[in-house]
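Heads up: the protein sequence lines correspond to chains A and B, in order. The first sequence begins at 53 in this note's numbering and counts up one residue at a time. The second sequence begins at 676 in this note's numbering and counts up one residue at a time.
Some clues are possibly wrong.
Cut-off 27 Å, straight-line C-alpha distance, at most; resulting in silico cross-link-like pairs (DSS-like, lysine-lysine) [what the hints assert, rightly or not]:
1) Lys103(A) - Lys785(B)
2) Lys818(B) - Lys124(A)
3) Lys124(A) - Lys717(B)
4) Lys129(A) - Lys717(B)
5) Lys717(B) - Lys89(A)
6) Lys818(B) - Lys717(B)
7) Lys89(A) - Lys818(B)
8) Lys81(A) - Lys103(A)
Stretch by stretch, here's where chain A covers chain B in the computed footprint (C-beta under 8 Å, at least three residues) [said to hold, decoys possible]:
9) 702 to 710
10) 714 to 727
11) 786 to 800
Coverage of chain A stretches by chain B, computed from C-beta distances (three or more under 8 Å per stretch; other residues unrestricted) [to be verified]:
12) 106 to 114
13) 140 to 152
14) 166 to 177
Please keep in mind that the hints were generated in silico from the structure rather than gathered at the bench. Note that the structure is a prediction, hence the values are computed from the model and not measured. A virtual CB, placed ideally from N, CA and C, is assigned to each residue, including glycine.
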Amino acid sequence: MLWSGQVSAQTAFLEQREFPVKSGMVRVKMAVSHTRKSAVELTVRLKGPGKDQETPGPVLSEGVTISPDQFKIPPNKIRKLMISFPAEVSTRTPYFACVLYQPPVERMEAGRLGGSMLLATESCSRFWVNP
Amino acid sequence: MKVLQAAVAAAFLISPAPLLASSANIDATGRAPTFCNISNDKGAISMAISPAGDLLSGAGRFSYVANGNAKLVLSAIGQDAPQGAAASIPSISLADLVVNRSTTSEAASKPSGGVIRQEGDITASIVQDNEARLLTAGDYALKATATCTSL
Numbered sequence: 053m054l055w056s057g058q059v060s061a062q063t064a065f066l067e068q069r070e071f072p073v074k075s076g077m078v079r080v081k082m083a084v085s086h087t088r089k090s091a092v093e094l095t096v097r098l099k100g101p102g103k104d105q106e107t108p109g110p111v112l113s114e115g116v117t118i119s120p121d122q123f124k125i126p127p128n129k130i131r132k133l134m135i136s137f138p139a140e141v142s143t144r145t146p147y148f149a150c151v152l153y154q155p156p157v158e159r160m161e162a163g164r165l166g167g168s169m170l171l172a173t174e175s176c177s178r179f180w181v182n183p
Numbered sequence: 676m677k678v679l680q681a682a683v684a685a686a687f688l689i690s691p692a693p694l695l696a697s698s699a700n701i702d703a704t705g706r707a708p709t710f711c712n713i714s715n716d717k718g719a720i721s722m723a724i725s726p727a728g729d730l731l732s733g734a735g736r737f738s739y740v741a742n743g744n745a746k747l748v749l750s751a752i753g754q755d756a757p758q759g760a761a762a763s764i765p766s767i768s769l770a771d772l773v774v775n776r777s778t779t780s781e782a783a784s785k786p787s788g789g790v791i792r793q794e795g796d797i798t799a800s801i802v803q804d805n806e807a808r809l810l811t812a813g814d815y816a817l818k819a820t821a822t823c824t825s826l
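From just these sequences and the hints, can you work out the full model?
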């Protein structure tokens, strides 16, 4: 059973929300799914702390391994993956595991007057890294 | 009478052994992981010019679901405008949850405080911000990311 409601959106699931640092590294197991009508490409990203404990910060990439980090997945399937990253924390610190869906760009008709807006959507789950 | 007694005794002797008393504890547990998700249900949104030529606007639909405390963030807006265009202000809103009019800062909703399931309009617009009160002719495009975070 997928815990993603009836929304045609992508969801990031974490088995746990607290992770220790072992040998300077954190390893996070997560799963991703979506309920759109057809297969879509999703991108997984790790974000660090933001301006407060509830807001994701910038995307982290240095030393971060996400396997796999980008993939096409049919609807209602669960893709398990692993995020590992180096961390040196002295206090309990929030991180965010995120899955991004970028809708396809639609070309405007030639000569058409106006504009367009493209809104990507991203679902994040907060987790904590403990010293 | 002896015949009856014998029949009862025989019936008792050949009856199956009584079942041993037993019990089974049913211990069912489960845990629903917290999550949130948000979708842009209609893809790219087309914006049309107003009769006065001072505004481009369009609308789409979003769905937002969270089974625990969550919040929404709209990223800083990326705006493409015709070269040399007169000043204008972009705006993106998700119903009454969050609105952003900045090309440099993100905007956040209040935490949901609990479960939430909401559908609503995505509103996108570019309004003139110049003395002529007009948008320069040409193509405009807005880009942003709506992020829900399960807390």
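Here is how each hint holds up against the structure:
Annotation: proposed proximity of Lys103(A) to Lys785(B) holds, straight-line Cα distance about 14 Å (limit 27 Å). For the suggested pair Lys818(B) and Lys124(A), the alpha carbons sit about 23 Å apart, so the restraint of at most 27 Å is met. Between Lys124(A) and Lys717(B), the direct Cα distance comes to roughly 20 Å. Compliance with the 27 Å bound is thereby established for this hinted pair. Simply put, Lys129(A) and Lys717(B) have alpha-carbon atoms about 22 Å apart, close enough for the 27 Å limit, and the pair holds.
As the CA atoms of Lys717(B) and Lys89(A) are separated by approximately 13 Å, the hinted pair is consistent with the 27 Å bound. Note on Lys818(B) and Lys717(B): the hinted pairing holds, with a Cα-Cα distance of about 15 Å set against a maximum of 27 Å. A distance of roughly 24 Å separates the Cα atoms of Lys89(A) and Lys818(B); the hinted pair therefore holds under the 27 Å criterion. Note on Lys81(A) and Lys103(A): the hinted pairing holds, with a Cα-Cα distance of about 25 Å set against a maximum of 27 Å.
With a threshold of 8 Å between beta carbons, the proposed coverage of the stretch 702 to 710 of chain B by chain A holds, since 4 of its residues qualify and at least three are required. Taking a C-beta to C-beta cut-off of 8 Å, the stretch 714 to 727 of chain B contributes 10 residues in contact with chain A, enough for the three needed, and the coverage statement holds. Requiring three or more residues with a Cβ within less than 8 Å of a Cβ of chain A, the coverage given for the stretch 786 to 800 of chain B holds, as 4 such residues are present. Closer than 8 Å: that is the beta-carbon criterion, and the stretch 106 to 114 of chain A has 3 residues meeting it against chain B, so the requirement of 3 holds.
Counting residues of the stretch 140 to 152 of chain A whose beta carbon lies closer than 8 Å to any beta carbon of chain B gives 3, which reaches the threshold of three, so the coverage claim holds. Only when three residues or more bring their CB closer than 8 Å to a CB of chain B does the claim for the stretch 166 to 177 of chain A stand; here the count is 12, and the claim holds.
Checked against the numbered hints given earlier, the structure satisfies every one of them.
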